[in-house]
Amino acid sequence: MFVARRLVLAHFWLAFAGFAGAIVLGEWQMYVRSPLHAWLDNPEHYYRSVTVHGTVMAYVLPTLVAMGLGYALSELALKRPLAGLRWAWAGFWLVLVGTLMAAAAMASGHASVLYTFYPPMIASPFFYIGIVLVVVGSWIWVALMSINLRAWRKENPGAAVPLAMFGNVAGAYLWAWTSVGAAIEILVLILPVALGFKDTIDAGLARVFFSWTLHAIVYFWLMPTYIAFYTLVPRAIGGRLYSDTMGRVAFVLFLVFSMPIGIHHLFADPQIGAGFKFVHAAMTAMVSVPTLLTVFTIVASVEIAGRMRGGKGAFGWIRTLPWENPMMLAVAFSFVMLGFGGAGGLINMSYQLNESVHNTQWVTGHFHLIFGGAIVIMYFMIAYELWPQLTACAPLPARLVRVQLWLWFVGMMVLTMPWHYVGILGMPRRMAYYDFTAPALQAQAWTVTVSAVGGAMLVVSALVFLYVLAAARRGAMSPEPFTFSLAAHPVGRVPPLLNGYALWVSMMIALTVVNYGFPIAQLAVLKETSVPAIPMGLR
Amino acid sequence: MSAEAVAIAAERRWSWAVAVVIAVLVAMMVFTGLHWASMPPSRVETIDPRTLHISGEFAEGNLGTTLSPQGKVVVRLIAQQYSFEPQCLLVPAGVPVTFRATSTDVIHGFVVFGTNANTMLIPGYVATFTTTFPVVGEHMMPCHEYCGTGHEGMWARVQVVSADEFRTRAGNGSRVSCVRR
Amino acid sequence: MSAARWSIAALVVLTVVSFAVGFAWLPSAHEDFTAKGLWDAICRAAGVPQKWSGGAPAPATHSTRVVLDASMQRPQAQEAIGRGATLALNCTMCHGPRGLSQANAPNLAGQYPEVIIKQLMDYRSGDRANSIMQALAVNLSDANIRDLAAYFTYLPKPRNAPVTDMSIVPALVRVGDPMRNVAPCAACHGGIERKPGAPWLEGMPKEYLVQQLAAFAAGQRHNDSHGQMRNMARNLTPQQIDDVAGFYARHGEGEEQK
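Top line first, the protein sequences correspond to chains C, Y and F.
Last residue of the first sequence: 539 in our numbering, with the numbers rising by one and none dropped.
Last residue of the second sequence: 181 in our numbering, with the numbers rising by one and none dropped.
Last residue of the third sequence: 258 in our numbering, with the numbers rising by one and none dropped.
Derived by calculation from the structure, the hints in this document are not laboratory data.
Even for Gly, the Cβ is constructed at its ideal location relative to N, Cα and C.
Check each hint, because a few of them may be wrong.
[Unchecked claim] Pulled a few chain F residues facing chain Y out of the computed Cβ check, cut under 10 Å:
id	residue
1	S18
2	W25
3	V48
4	A60
5	G96
6	R98
7	M179
8	R180
9	V182
10	C188
11	N231
Next comes chain C alone, as it looks inside the complex (with noise of 0.2 Å):
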């Protein structure tokens, strides 16, 4: 690396450092609500932790983790020092500034919403500003890999753009546009109130700009884990990439398809049409294509691995792959978790199906497993990957590395499983306390003394990763040259198609009109719906 190693560590350390106090919160709210404890004396602090938890989860740790690969990729995959080093640092430090703000706020019990907002409670303005300014920074970051990319092509005129920085352009273009949602809800709905301007608010027009965020904001949090997937594992298990073409569609259909399918999260409200509520159902399915997609290919990819190893026939190869390897691990558990995790969500996506599920606990159980699981998991291996290029440090222990990850699976699935089965029965989510002597609950009780073993587990893991972090020795030896996959058919010229996004990008945004543009036109001029904010926080 040239000039970003600081850069890059500062961002991963904010990301863990908050990711290792949500998950301690998360893991007191299991217990505490599990029959291993008395009721909360006030149930305020149990959504008040739920508010941080969610906040830190959803927005802190995936925008740091993705900022920070972004600017490690811009110099590895582009091998040239980042452009707008000082721009950069300026991003982190609004990033930090913001999330400071808002934990001030949500530790103080002024914003108890949780990081889905809800409107009409409103919470203090610190909180929205906070989480604007978190925004903003990463909106920094969006220009700075696009600029990147545009000074390599520059220098590289017509060459292929490396597989690693294309996911990472895409990735950034994608939060640019679904960021967008949500900033126009704190700004133009909730801000105003918050701040005293006006006393009404429309909740239902908040929560259809917010569906536009919340669902692709999911396939940016996913976009480090899918560029690891590709450019990562192959190498490190020492196999080939199956096709460097499907890496690049697989990018691309992420780009139009993840935004204009949000109003699948309010198949049960009641401002949508039923019009509206299938095309968004159909156009869900289509975003499982690339998730699909990328399963045939990785897969093959470390079946090559397993082949140049020796194995034979149609399951041999499995024997013969490097499962000592981290890298190995993590990519199986991955996929293990993103198997359930992706049936229970094409459960959700399909309007019917969904009906019996929609809002319980199997929904928490499900998201927990897709990016706590799946994603979160190649959070740690593209840390580890990075740490000795960063820190130049020694080979990390790979016996204790695996540990962690075996911890952090066997942790998910025992959070996770109880939480969709009790999600089947009709258990709600998001409450402080349940009264399992009542006939009804009782039978539920023991699912939840799970779900708290597996939040144990999952906070040793975590600990057991920021320990390996942070006593590699620094300075120990000298990086060796950092190398992405090698794909099995050499890549000659790419077409210019799946180089560039100016088509992908277009459709992104023209399908998002399509889909979003007459729902949010017409709550917008609908006037009776303002109404009356709720503000939280009053003692």
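Once you've looked at the hints, dock chains Y and F against the given chain C.
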């Protein structure tokens, strides 16, 4: 055939498999939508949450279950911090029941345990959906959306009685509930 | 560039087919949508707001006619407080000279303005029944009521000693009784959170609180919109009512007397 051509052919086959999977999933949604009449709650209807209690469909006297002379069963209810009104809903078994509900303050929602009755309640909008409760029994009906610091206390109940018993209790056109008064 | 054309065409076809299925084919299977023709069905599928409810419901009975408004909660000018103080001379017999009752009437000192406004308006309209209060309220104008609220809000509120030992706080106040749909009292009446319209209860005479909870439970008092309080009170045992009332009425070191 070169190795690369083999690889591309395998990829193509998989892409077709993916297309089929997606097509089947969407076809299932369309099929159930057409033949089982199962659609998400979808009517858009607005209402002013400030004056719900003074007059109109969601004034207190209109809440509860009614049986129209044509045999249509309608449950009207509101959600507020931190209870549903009525707190206990009385419905017949085996008959389509139409719910009409809204919120007087923040976003709420409810799910009836062990059934598909599940909706969000957004202030300013009326949620309408129709469902059938197959068997007689009692279900819990919690609020399933965070609605403030008393959310954990927002539990209602649904009592499903036989269609005959329901007709006896609601036959005279009055509104009924299972709240003990 | 045929690949680009092909991609665009595929996306357009996908979008058109999805819209056709969602807006025409699926609604065609549902009487709700098709009742008024195809165009109407498309509008309904698009979510154009309509009145869907068929048949007017039976005449409604209401609980209160007051619409709580953010303007009721705003602080008032000094003159309003002065006018309110004059009007409040009528109230001293029961509610005490400084809004602190010696006669088991509710304390009014430091009460939130929207609470006083709402209750006086309900007395005036007869939605809350009390022979003395109705007789007094019937002559008050809206401006009088706002002035009175401004005055009582300005007086220092009685406060109980700070709770140092959580065990003295009844479970109902802290955590409620979820399965009986009783939310924590403190989630609306302060402590955990304060909901506009919910009164300040600390220092209230115990007898008054017991009486009101019993009246809510029996439905004799019904000026809480949509049974907000009746739903809670109905599910309380007499013992729970006594505990809660006793807790809020307890006097202590922290009580301010001016």
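A quick look at each hint next to the structure:
{"no.": "1", "hint": "S18", "in the structure": "holds (9 Å)"}
{"no.": "2", "hint": "W25", "in the structure": "holds (7 Å)"}
{"no.": "3", "hint": "V48", "in the structure": "holds (7 Å)"}
{"no.": "4", "hint": "A60", "in the structure": "holds (3 Å)"}
{"no.": "5", "hint": "G96", "in the structure": "violated (32 Å)"}
{"no.": "6", "hint": "R98", "in the structure": "violated (32 Å)"}
{"no.": "7", "hint": "M179", "in the structure": "holds (6 Å)"}
{"no.": "8", "hint": "R180", "in the structure": "holds (8 Å)"}
{"no.": "9", "hint": "V182", "in the structure": "holds (6 Å)"}
{"no.": "10", "hint": "C188", "in the structure": "holds (7 Å)"}
{"no.": "11", "hint": "N231", "in the structure": "holds (4 Å)"}
The structure is inconsistent with the numbered hints 5 and 6, although it conforms to all the rest.
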